[in-house]
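For what it's worth, the numbering used here labels the leading residue of the sequence shown as 11, then goes sequentially.
Note that these hints are calculated values from the structure, not bench results.
Since no wrong hints were added, every one of them can be taken at face value.
List of simulated lysine-lysine pairs, DSS-like, C-alpha gap at most 25 Å:
1) Lys36 x Lys62
2) Lys27 x Lys126
3) Lys126 x Lys36
4) Lys27 x Lys62
5) Lys36 x Lys18
6) Lys62 x Lys18
7) Lys15 x Lys62
8) Lys68 x Lys18
9) Lys27 x Lys68
10) Lys36 x Lys68
Remember, predicted model here, so these are calculated numbers, not experimental data.
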Amino acid sequence: MDESKVLKIVHVIYSLKDARTGRVLKHPQQQPEEFIIGQGLMLDDFEAQLEKLNAGDKFNFVVEAERAYGPIDPHAIFDMPLSTFAEEDGHINPEVVQVGHVFPMADRDGNRHYGKIIRKMADSVTLDFNHPLAGKDLLFEGEILMMRNANADDIQRFNQ
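Sequences and hints are given; from them, build the entire structure.
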């Protein structure tokens, strides 16, 4: 973060769509989303677009996949034995191990990752560890409700 830059706090309501299909990925929330531009809480390109606007401005722009969550990484999709999901008694609960379900897993270093089952076979499942929005061009549509310079209290609140 550039220390000489004036930080802006923003209240925004927006929807997020897949720019190619028009499928809604995030509906506008009832309460505005609040964040400080420049603290890395949102996508860089999203913040850069908002930074050009003022309170009351409506927006509609696309952030391409490469600048959002990146392309789909085929190395982040792989098969795992179904036995990985066995309960203590060795039983595999078919209601839990289903296509579409997301499971937290840890790598060798203890870092947590989330894998979504995208295919289930007789003795294994295919898990996708890509970000759910990887490979998607993102269409943001919304309105800036409030934007002002962030003060010390704002910065402290967001850094807790």
